[in-house]
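**Student:** If you want the building blocks of each chain, they are given just below.
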Amino acid sequence: MKINDIPVIDTDVLVIGGGTAGPMAAVTAKEQDPSLRVILLEKANVKRSGAISMGMDGLNNAVVPGHATPEQYVKEITIANDGIVHQPALMAYATRSFPMIEKLDSWGVHFQKDETGDYDMKKVHHLGTYVLPMPEGHNVKKILYRRLRRNRVEIENRFTATRLLKDPDGNIAGMIGVNTRTAEPIIIRAKAVIMATGAAGRIGLPTSGYLFGTYENPANNGDGHAMAYHAGADLANLECFQINPLLKDYNGPACAYVTGPLGGFTANAYGERFIECDYWSGQMMLEFFKELESGTGPVFLKLDHLAEETIQEIETVLHTNERPTRGRFHEGREVNYRERMVEMHISEIGFCSGHSASGVWTDETGATTVPGLFCAGDMASVAHNYMLGAFVYGQICGESAVEFAKSRTEPQLDESFITKELERIQAPMKRADGIPPEQMEYKVRRLVNDYLQPPKVTKKMEIGLERILAVREDVPQLCARDPHELLRAMEVQSIIDCAEMAARASLYRTESRWGLYHYRVDYPDQDDSEWFYHSRLFKNENGEMAHGKRPVADYLVPLGEEKDAYQKMRVKKAANA
Amino acid sequence: MPIANHHSSVPVIVDEDKCIADKGCTVCIDVCPLDVLWINEETGKAHMKYDECWYCMPCEADCPTDAVTVNIPYLLR
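These protein sequence lines map, in sequence, to chains A and B. Just so we're aligned, residue 1 is where the first sequence starts under our numbering, counting upward by one. Just so we're aligned, residue 1 is where the second sequence starts under our numbering, counting upward by one.
To be clear, the hints were calculated from the coordinates, so they are not data collected in a lab. Please note that a few of the clues may not be correct.
Claimed, not checked - Cβ pair distances, simulated, as ranges:
no. : chain 1 : residue 1 : chain 2 : residue 2 : range
1   : A       : Asp554    : B       : Ser8      : 47 to 57 Å
2   : A       : Val475    : B       : Ile39     : 28 to 38 Å
3   : B       : Ser8      : A       : Arg431    : 39 to 49 Å
4   : A       : Asp414    : B       : Lys18     : 22 to 32 Å
5   : B       : Met1      : A       : Arg424    : 19 to 29 Å
6   : A       : Asp482    : B       : Thr69     : 42 to 52 Å
7   : A       : Thr95     : B       : Leu75     : 44 to 54 Å
Just so it is clear, the structure is predicted and the values come from calculations on it, not from any experiment. Just so it is clear, CB atoms sit at the ideal spot from N, CA and C, and this is done for glycine as well.
Construct the complete structure from the given sequences, taking the supplied hints into account.
**Tutor:** Structure (structure tokens):
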């Protein structure tokens, strides 16, 4: 079959995004049924794409028998996320977390073990013990790649998906996209689609002003969130932004998970500890933000009290894993962990369930609200999922997608929709002059910082939304000189979608919740009577952004007397201090 | 609207004496998550064509001849 002279590629399962969750989903689908055709589409190259291109230094939320139970974990994350979680999805993660560690271990991923051969778990969270270091975690991507080859997953690198396709019954039918080097379009018809396109990490502007100096891999610009929205899927709790503690000017995390168990901590200008717990939660970030803005700010990572061998150990981990240019950054400024504390700051905003809870609504089977569309990793709404959650939900989605695909015949494609989308893809390269994507991107991301970065103020967000919509009006002027600029031109359209979603979702929830993530100055209190719901954001039948409330599913694990633990984040001072 | 070209100092440096892109190697170009490394048509060597770097290092780590150096972008230095 051809549409507009473009051959349509047929597959049983299509996975969009080859970072962490995507390869696991693709491998799982093949393991379930090797006779199925599975295509993995990646905007960059699967070998080094996604959030863990240079590996990862630890599992932040590992539920390992003997150290924690799934029930304890589900309770802790529910409390850390102010009650708004889908506990069945957390439980599915918690129960599969340990088998996944063992699977990865058998594949050759190295986790830290103690002298008895047991996993060397560390306590970083407020209540339980869930951190498993992996100081030799730099080769995770190589191991995943080997598995993809062994299982004969077909890989399409350097194609970016631009829109999902649906059949007349509203089921998923595939996707359309474009090659980032040749601008050649691609149409894939699929019986089931798994999206794993990562966080929306390129909506805000880093304080350095460098567009690509984002916390998240900048390839994770929110394409998946935008595509899911346009396909009619529900997105959830988008106002629960991701904001992370980072080194000032450098986009590497402060790494409390690495340094904390070794004696490092987050301190104020006087070297004093001010938060009880370095686990990333909205409440922790609110205390961080307050200290940053206070007379005892800014905030620092304190390591200068540690022994030489401890500092060497920290340097080895931090300078070889995840963000290895960190050492060069310090060197350039002559910063030495031994001599002084390292200045910290907060990141730009984003949507990322890995560290917070916002994303495309996903249940415990990985299903979205569009039949046949599944989501895993940082873009799916399962709270605090991190890398191990991406693997577990990649696996869950792989299983669910295979089951869905097997029950289906070849989906019918909507040719007029495809023709219109091809026009949208081709438009920027047809224009000789206009607005380059970089300028439009800078403008919309600067507006996000000015008007949407918490503390959130209603009137400011309304102005921000108006200004973002004005940028949207300029989209017909986008121009691209080559296929690479076309990629950026397609990306900026997703960024505008995400910026609008961030503004509207934040305006919808008229309370404060999740600490700094949704701190509304003019609605300062948490209001459980009105807002103990997941907020929904979706495209209604008129094509407009609409909102709604989704009830929180009955808890599987009651919270008990620890329910307010994450509200008590600030270190108490003696009355006479 | 007319469009200007503006200059910027890029973070990734390729040592052209060591680079073997002219002999068919495309390792750094392949692994870049942002697709900003391209062949320089004049020299046949790899170079950073777009200043859109995450300074993540696969290009440097995977280069078979140690020709690539990733610096911190000037704005962050």
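**Student:** Against this structure, judge whether each hint is valid.
**Tutor:** Status of each hint after checking the structure:
no.	hint	in the structure
1	A:Asp554 <-> B:Ser8: 47 to 57 Å	55 Å, holds
2	A:Val475 <-> B:Ile39: 28 to 38 Å	32 Å, holds
3	B:Ser8 <-> A:Arg431: 39 to 49 Å	23 Å, violated
4	A:Asp414 <-> B:Lys18: 22 to 32 Å	51 Å, violated
5	B:Met1 <-> A:Arg424: 19 to 29 Å	21 Å, holds
6	A:Asp482 <-> B:Thr69: 42 to 52 Å	26 Å, violated
7	A:Thr95 <-> B:Leu75: 44 to 54 Å	45 Å, holds
Consistency with the previously given hints fails for numbers 3, 4, 6, ordered from lowest to highest.
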